[in-house]
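S.K.: Residues per chain are reported as follows:
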Amino acid sequence: FVPPGVLPLCRQPLAWSRARRQPPGPPLAPCRAFSNNKILVELDESSGVATMKFKSPPVNSLNLDFLTEFCISLEKLENDRACRGVILTSAIPKIFSSGLDITEMCGKSTEHYAEFWRAVQEMWLRMYSSNMVTVAAVNGSSPAGGCLIALTCDYRIMVDNPKFSIGLNEAQLGIVAPFWFKDTFVNTVGHRVAERSLQLGFLYPAPEAHRFGLIDELVPEEKLQEKAAAVMAQWLALPDHARQLTKSMMRKTVLDRLVAHREEDIQNFISFISKESIQKSLRMYMEMLKKKS
Amino acid sequence: FVPPGVLPLCRQPLAWSRARRQPPGPPLAPCRAFSNNKILVELDESSGVATMKFKSPPVNSLNLDFLTEFCISLEKLENDRACRGVILTSAIPKIFSSGLDITEMCGKSTEHYAEFWRAVQEMWLRMYSSNMVTVAAVNGSSPAGGCLIALTCDYRIMVDNPKFSIGLNEAQLGIVAPFWFKDTFVNTVGHRVAERSLQLGFLYPAPEAHRFGLIDELVPEEKLQEKAAAVMAQWLALPDHARQLTKSMMRKTVLDRLVAHREEDIQNFISFISKESIQKSLRMYMEMLKKKS
Amino acid sequence: FVPPGVLPLCRQPLAWSRARRQPPGPPLAPCRAFSNNKILVELDESSGVATMKFKSPPVNSLNLDFLTEFCISLEKLENDRACRGVILTSAIPKIFSSGLDITEMCGKSTEHYAEFWRAVQEMWLRMYSSNMVTVAAVNGSSPAGGCLIALTCDYRIMVDNPKFSIGLNEAQLGIVAPFWFKDTFVNTVGHRVAERSLQLGFLYPAPEAHRFGLIDELVPEEKLQEKAAAVMAQWLALPDHARQLTKSMMRKTVLDRLVAHREEDIQNFISFISKESIQKSLRMYMEMLKKKS
Chain D
1 FVPPGVLPLC
11 RQPLAWSRAR
21 RQPPGPPLAP
31 CRAFSNNKIL
41 VELDESSGVA
51 TMKFKSPPVN
61 SLNLDFLTEF
71 CISLEKLEND
81 RACRGVILTS
91 AIPKIFSSGL
101 DITEMCGKST
111 EHYAEFWRAV
121 QEMWLRMYSS
131 NMVTVAAVNG
141 SSPAGGCLIA
151 LTCDYRIMVD
161 NPKFSIGLNE
171 AQLGIVAPFW
181 FKDTFVNTVG
191 HRVAERSLQL
201 GFLYPAPEAH
211 RFGLIDELVP
221 EEKLQEKAAA
231 VMAQWLALPD
241 HARQLTKSMM
251 RKTVLDRLVA
261 HREEDIQNFI
271 SFISKESIQK
281 SLRMYMEMLK
291 KKS
Chain Y
1 FVPPGVLPLC
11 RQPLAWSRAR
21 RQPPGPPLAP
31 CRAFSNNKIL
41 VELDESSGVA
51 TMKFKSPPVN
61 SLNLDFLTEF
71 CISLEKLEND
81 RACRGVILTS
91 AIPKIFSSGL
101 DITEMCGKST
111 EHYAEFWRAV
121 QEMWLRMYSS
131 NMVTVAAVNG
141 SSPAGGCLIA
151 LTCDYRIMVD
161 NPKFSIGLNE
171 AQLGIVAPFW
181 FKDTFVNTVG
191 HRVAERSLQL
201 GFLYPAPEAH
211 RFGLIDELVP
221 EEKLQEKAAA
231 VMAQWLALPD
241 HARQLTKSMM
251 RKTVLDRLVA
261 HREEDIQNFI
271 SFISKESIQK
281 SLRMYMEMLK
291 KKS
Chain P
1 FVPPGVLPLC
11 RQPLAWSRAR
21 RQPPGPPLAP
31 CRAFSNNKIL
41 VELDESSGVA
51 TMKFKSPPVN
61 SLNLDFLTEF
71 CISLEKLEND
81 RACRGVILTS
91 AIPKIFSSGL
101 DITEMCGKST
111 EHYAEFWRAV
121 QEMWLRMYSS
131 NMVTVAAVNG
141 SSPAGGCLIA
151 LTCDYRIMVD
161 NPKFSIGLNE
171 AQLGIVAPFW
181 FKDTFVNTVG
191 HRVAERSLQL
201 GFLYPAPEAH
211 RFGLIDELVP
221 EEKLQEKAAA
231 VMAQWLALPD
241 HARQLTKSMM
251 RKTVLDRLVA
261 HREEDIQNFI
271 SFISKESIQK
281 SLRMYMEMLK
291 KKS
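Quick note, the sequences are listed as chains D, Y and P, same order.
Per the UniProt record's numbering: the first sequence = residues 1 to 293.
Per the UniProt record's numbering: the second sequence = residues 1 to 293.
Per the UniProt record's numbering: the third sequence = residues 1 to 293.
Treat the hints as calculated values from the structure; they're not laboratory data.
Take the hints with a grain of salt, since some may be wrong.
Treat identical chains as interchangeable: a pair holds within one or across any two.
Capping the alpha-carbon separation at 25 Å, the derived lysine to any residue pairs in SDA-like fashion look like this [said to hold, decoys possible]: (1) K252 <-> V193; (2) K223 <-> I92; (3) K291 <-> S73; (4) K280 <-> W235; (5) K252 <-> D101; (6) K290 <-> L125; (7) K94 <-> R257; (8) K55 <-> V186; (9) K252 <-> E263; (10) K252 <-> V186; (11) K227 <-> R211; (12) K252 <-> Q267; (13) K291 <-> A237; (14) K227 <-> F212; (15) K227 <-> E208; (16) K280 <-> L238; (17) K275 <-> R81.
With the hints as constraints, model all of the structure from the sequences given.
M.R.: Okay, structure coming up:
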């Protein structure tokens, strides 16, 4: 019963079988692990599950290099018939990702801002529309863009530690989350929670994030990877084709909105970030961060 | 304060009185009970409440005959000025309705698929836009299309038995719930619960369905009809005209979407269901069901 | 990251500082308190917080005079650079506001209905789009239009007393909440709760309103103003510019809908309210109220 306008997403043959996928077609090129500067990728071919571990010290901030590597890794997995799901987690203690790298938005050229923003959009578009099952195993704090990565996943598990917090806290920095951050947030926690949280730039400690539905499940730190694997197995038990079409149906409106306004959104970002008042604020914020550390 | 674009739905005169409706106009034709092959209908003229009992063994599956009789019965009640509300329930133990009849989607002609799908649409359109108060008294399991019927009602009461489950589990069968199933579901449980439930094809045991808001109220089996009557009385205490306009205002966007894309939706269904891979899956599923029983 | 289409709302310079705002520009005209016939307004210049106290006995009903004074007071504050937030509360015991004044809708001329309805729209448009932080300190019952005022605020605190109730109970009066009341309600409590509550014209006792998210927080009566001030301080800790842009982004769709259909909505109101059946109902309702008191 394919709804009108749903794009064909089918990479997988329809199968009743819940058994491990037996990929059809020619034998696959071996693909077990690859890594680049900022992300470690491991693929377990027997389960079809990859893990992407963010390893960009000190805080996995999303700079242009990270975003580029992220999208390349994701595309590799997306096109790899041995891969059906991906778990996102951090290789750095206490932090999942600190979000967009402010140095990319400060004192750079218009061209740089455009390139950076396009990379942020690209990351969001690929994750939110991924054919793979995507699970965030949030093992540390995850503000702003870090929270966004988690929001794009199909399921979010977080370490049950009130010292780890998560949220779209852009307003606290004097900036505004773009409309597609907001749309993803509203789709997850509903309009009222989103309205209040975004205006106050709330960072929720893990237990509170769970109460509001921003996080689906809390687990002790030592159980995180095990739980992520179990959740993944549950999602992979479904026939890929039907699951993918359903996911696309749920997310299409919000995805289409950015696709339709992508260039406009880049121009908006550039003109906002280029304001002297904003530049000054970001510089002050960076000073504050330096003093802190 | 009628919002723009709301259709005139008024069959009832506006009345402050909470007392039993005194129908204006000429005396009514007697209408106490009628039944057809698959549905028993009883109308209590003193309360204005009809009960439609599904009686299509073994599992009240929604085949073309059932859907046709359902729509005819519903239309009769809708046009009967003595009837203001209808309670839907099952005459078969342990099952409310098993949903769309798979035999209608397997090995049939294109014309048959079109006729069947139009009947499913018709059932949904009539129920979701009904001028009557509609209460689902869910006294058994209610997967897929069975769940949809419950979702179209104004209120859902379910027997408090974890052995009875309910949900839109299409993805488990390798098929995709159409967009209007999804819209109805989102309107009831919100975007996030719908996204997760539809992708996983979840069937919720009654208590869990209640926790997520898919079911409004749980009662012991022996209290079900009594509770349904009490709920109905509460809804009928409101002036029909205002209640109907309000209901229409809440559901119009979603109703209009199917009306605008009805033929397209039929064509989509036909081309999806006619695929050899889907036919094969449905055959395998029916085999499995046969072995089970 | 300004989303496309967001209007520039900026009255405040961007500031990292959480400290008390130091208003730039020429010295301010003194503005401490002003009042008119129906509303007491006090502005604490040191905190930037104004309080608007409704004082229109017996029940703060929203007649044309009240609405006019409300909008004038609000505009004054909105344009006053010393004012960043406003707390709405009642100076009359046990009632916040009884909602739209029925006498304005009964036995009046078409011109009067149009003027009245435009004033109701104006109040909603100004409140829902206010640049200021708006907190409702609900210290009494608040049906219909009274509930609407609370819904337009950024945050709702209510006295924890089950004798005080709140809700959009229009259906109980045989009338229909306009689409923009409905949109505001859906944005606050979600589609399902709104659908059920509006059809049944529910008035929720404060504790239940809190459970459904219609009210954000309950406090003992003697703590209400203190809590409102504390909440206000929390919201004012954010940079105004980012908070305002975020608020606008969240509410724009719903605001634009009324702006686009404003005249149509007035005509709809006039033709609905002018019906003899509606006039009769409203007269009966007023009789009932008179007998009660």
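S.K.: Hint by hint, say whether it matches the structure.
M.R.: Hint check results:
1. For the identical chains of this complex, K252 and V193 are neighbours both inside a copy (22 Å) and across copies (17 Å), given an alpha-carbon limit of 25 Å.
2. Taking CA atoms no more than 25 Å apart as the test, K223 paired with I92 passes inside one copy only; the shortest distance there is 17 Å, against 45 Å between copies.
3. In this assembly of identical chains, the alpha carbons of K291 and S73 never lie at most 25 Å apart, being 35 Å within a copy and 45 Å across copies at closest.
4. Taking the shortest alpha-carbon separations for K280 and W235, only the inter-copy value of 23 Å comes in at or below 25 Å, while the best intra-copy value is 46 Å.
5. Within a single copy, K252 and D101 get their C-alpha atoms no closer than 28 Å, and across copies no closer than 29 Å, so neither meets the 25 Å cut-off.
6. Taking the closest pair of Cα atoms, K290 and L125 never come within 25 Å of each other, the shortest separation being 32 Å inside a single copy and 44 Å across copies.
7. For a Cα distance limit of 25 Å, the shortest separation of K94 from R257 qualifies neither inside one copy, at 34 Å, nor across copies, at 45 Å.
8. When the C-alpha separation of K55 and V186 is checked against a cutoff of 25 Å, the pair qualifies neither within a copy, at 29 Å, nor between copies, at 38 Å.
9. In the homo-oligomer, the alpha carbons of K252 and E263 lie at most 25 Å apart both inside one protomer (19 Å) and across protomers (21 Å), since each shortest distance falls under that limit.
10. Proximity of K252 and V186 under a CA criterion of 25 Å is satisfied in both settings, with 14 Å inside one chain copy and 14 Å between copies.
11. Proximity of K227 and R211 under a CA criterion of 25 Å is satisfied in both settings, with 19 Å inside one chain copy and 23 Å between copies.
12. With identical chains, the CA atoms of K252 and Q267 are at most 25 Å apart both within one copy (23 Å) and between copies (20 Å).
13. In this assembly of identical chains, the alpha carbons of K291 and A237 lie at most 25 Å apart only when taken from different copies (21 Å versus 49 Å within one copy).
14. Taking CA atoms no more than 25 Å apart as the test, K227 paired with F212 passes in both settings, with 20 Å inside one copy and 22 Å between copies.
15. For the identical chains of this complex, K227 and E208 are neighbours both inside a copy (20 Å) and across copies (21 Å), given an alpha-carbon limit of 25 Å.
16. In this assembly of identical chains, the alpha carbons of K280 and L238 lie at most 25 Å apart only when taken from different copies (17 Å versus 50 Å within one copy).
17. Taking the shortest Cα distances, K275 and R81 sit within 25 Å of each other only across copies (22 Å), while inside one copy they are farther apart (46 Å).
Hint violations for this structure: numbers 3, 5, 6, 7, 8, all remaining hints satisfied.
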